[in-house]
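**Q** The chain contents come next:
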Amino acid sequence: MTPWQTCTWAIHSAALVAAAVLSGAAHAEGHGPVFGLATPTLGKGQWSSDTAVMQITTAEGTRYMARETIGYGVTGDVQANLSVPLGRGGDALTRAPRTRLGAMMGSFGDIEASLFWRAHRVAPAVGTRYETTLILGAATPTEQRRAGVKVGPSVHLGLVTGYASRSVYWWLGGGLQRYFADGADRLGDLGYVSAVLGYRPPFFRRDYPNPDWRIFIEALGERAQRDQISGSENPDSGGEKLLVGPSLLGLYGKWGISGGVLFPVRQRLNGAQPEERFRAKFVLTYWF
Amino acid sequence: MNWTSRPSKPRLTSAAGALIAAVLSAPATADGLLEVEQTVFGMDCAPCAYSVEKSLNRLQGVVTVNVRLNEGKVRLILAPGNRVTLQEIRRRILDGGFTPMDGYVRAAGKLVSRDGKLELAIAPGTTFRLQPGGPGSAHWQALIAAPAGATADITGRVAETGGDPFVLTVDKLMRLSGAPSAG
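If you're matching them up, the sequences are chains F and Z in order.
Quick note on numbering: this note's numbering labels position 92 of the first sequence as 840, and the sequence is numbered without any gaps.
Quick note on numbering: this note's numbering labels position 106 of the second sequence as 151, and the sequence is numbered without any gaps.
Calculated from the structure, these hints are not laboratory results.
As the structure is a computational prediction, the values presented were derived from the model and not from experiment.
A couple of the hints might just be wrong.
Stated by the list, open to error - In silico contact screen, one side only, chain F against chain Z (beta carbon under 8 Å); selected entries:
| no. | residue |
| --- | --- |
| 1 | GLN794 |
| 2 | GLY824 |
| 3 | ALA912 |
| 4 | GLY1001 |
Backbone N, C-alpha and C fix where the C-beta goes; we use that ideal spot for every residue, glycine too.
Extracted from the complex, chain Z is given alone in its bound form (with noise of 0.2 Å):
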């Protein structure tokens, strides 16, 4: 089942019932993304490690950078609320000389349907798209039984190709509010 095809009246799965009823027990976060684990190649050296840091660092929001190296990943926290995008985190390391591939994201926001299909918006005028990690995902039927407006926490994977809006195939629902009550 996949947004553009979803019922009126959603029937929710025993596992996508307990999952919501499991998510809904979990602190309440904001709006933004949270956390990103950016796949980077061309990176070889301390210099170059370093200026990723600092550029990333830079960011209004980001609370901690680390970089390594040798597995060619940066990984950033950011406080709940603020307005980075992916789409600037990617940048930056362009920017930087280097090469952004596949990236692994936890963002926040509302629920949305556009054209037909599933996005979650994190900050005005910046969505994620969303398809399924997997068929049969509990965590996906979760969310594609969810009502338009409510808000998730999703982690997942976003493709090396970026697009507008970036796609999001959904590994994990942290959490959702404004959902059915499971039934």
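One chain only, chain F, in its complex shape (with noise of 0.2 Å):
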């Protein structure tokens, strides 16, 4: 990392910490996991702010992305979210790997605004639910070329189902985001799978207004098409990854933290790419 870039990185950071405490910023993403995608919405009229750093180190470099993502309850099942890139930090890897900044929030350079529907809901006994979310998003750049590809708006779907209680959590869910061309350039392709397996500790039990603590096994699953450049597949993009990893979220009151880390298990990915070694991320919640 140059001087400068850290420079930067320094900036963007304490920059959005104290947006995030000033304001009285910060709800975890979703309700918890990290990278996953989960079924929670913000109620009706309810505004929520998550400050997402995240880490990606590469056999190539370690890249820093930092996001802002607001919330709001239009009802009490459907959200709607703006999401935009803070800064970005650390090696500028030329083939930096094609993902979301988490599920639920946009990809990289992005300013993605979505929806969250919460199409399903059944609440059998006091403390647990099931539910199903449909996620709709659309973004734009902020910049012109990614990793070399010259990067037009993207679409993205996606669909969680899961359940929540007062000592465990499961959610499944995955999605697209499909990318634009821009003329003869065009980023492949993003799928992707989640699953995440929560638990509460009985010390964590306790009633509001306690601290309430939940850890998560995540399991995030990748597949990227090949780019496009100059109307012609780029060999060394695309391919597929499974990382799995723990994570922590922490809630008391209004604020939220979490973070977790990814370790990939397998990767077969495209030509001469470098191979991730693990991908970081902590998110600062707060609910308005």
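Two chains, two separate frames, one set of hints: put the complex together.
**A** What follows is the structure in structure tokens.
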């Protein structure tokens, strides 16, 4: 990392933390998973702020990214979001892995507007819910080129179903981000599936407003198609990954912090691409 | 005995008479919902509790809101004379993404008879349809013996299914005014 990049990164990090704190800002992304999809939506009229910092380390170097997502509960089951990139730092990876900054947020330099529709919700008992949420998003890039490819707008469609309770959580979901062409270039589409298993230890089942902590095991499978450059497929792009790792969510009143790390357990990358070593993410959340 | 078959000159049991004497000596309360304990399904986490608490606290007339996640209960204490309705409380819980179930309320208002049914009118256009909590309930007997227009302060259970008006199964008569003298 050059001194300028380090400085830029430090300024962005400080700015986003200060913005979060001073504005009384930040809801954990969804309800806990750091990387995977989850079903909960905000209550009607409720606002949330998620400030996320993510690190991806490959054999080529390390890249940092920050994002801010503002959510608003349109109804008890419909949530509108706007997710914007705050900055990037670290090594300028020539072939940065294709991923979203957590499934519920946009990817890399995209500004993404999205709608979560909790289409199905059943609460069979105290503290428990089965629910299914549909995610629709549209994104526009903030940069002209990404990893050497001219990048166009994209649409994102996701679906997740799961269960929430005072002790156990699980969610299964998947999505597709489809990029449109910019001239003769087009980023390869990204398809993914996620699985999340969560557990709240008995000590943290004490009643509100006591601190509420949960641990998760998350799995994320990604499949990126090859990019097109000047109308030709780039052989050194696209591929498949399966990543697994732990994450942690802590909630206290209207504040939430979460963090997690994913390690690849399987990678099949096309052509010559640096293998990913791990990705880590931290999210500061606030419900207004 | 129910409200529809109420005789024109009610005869009170000694228990009902004693109850009327006791509740008449209780301090007066203004009309309205006074306390609500609403069962809520689906709240699993602290932010859930926070959003429900915040939303209900915004209702004018709410004094305190207490959320108990592990029991799935939301308890509200309301200022006398408020115009908060149970429908509004349940709507706000639904809007939070959760499911209101049965509830326990304390409400004060005027006793009225509508379509042959006994109702408690707590505000203009806001009523509870009353039904006995059990056979031979002295509280219920005191209520049906009271003249229309009497003011009653009642606790009771409201079913999860709601309805318009809500059906309040009377548990206790806390206060009654405008009742005939016990004889």
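**Q** Tell me the numbers of any earlier hints that the structure contravenes, in ascending order.
**A** none
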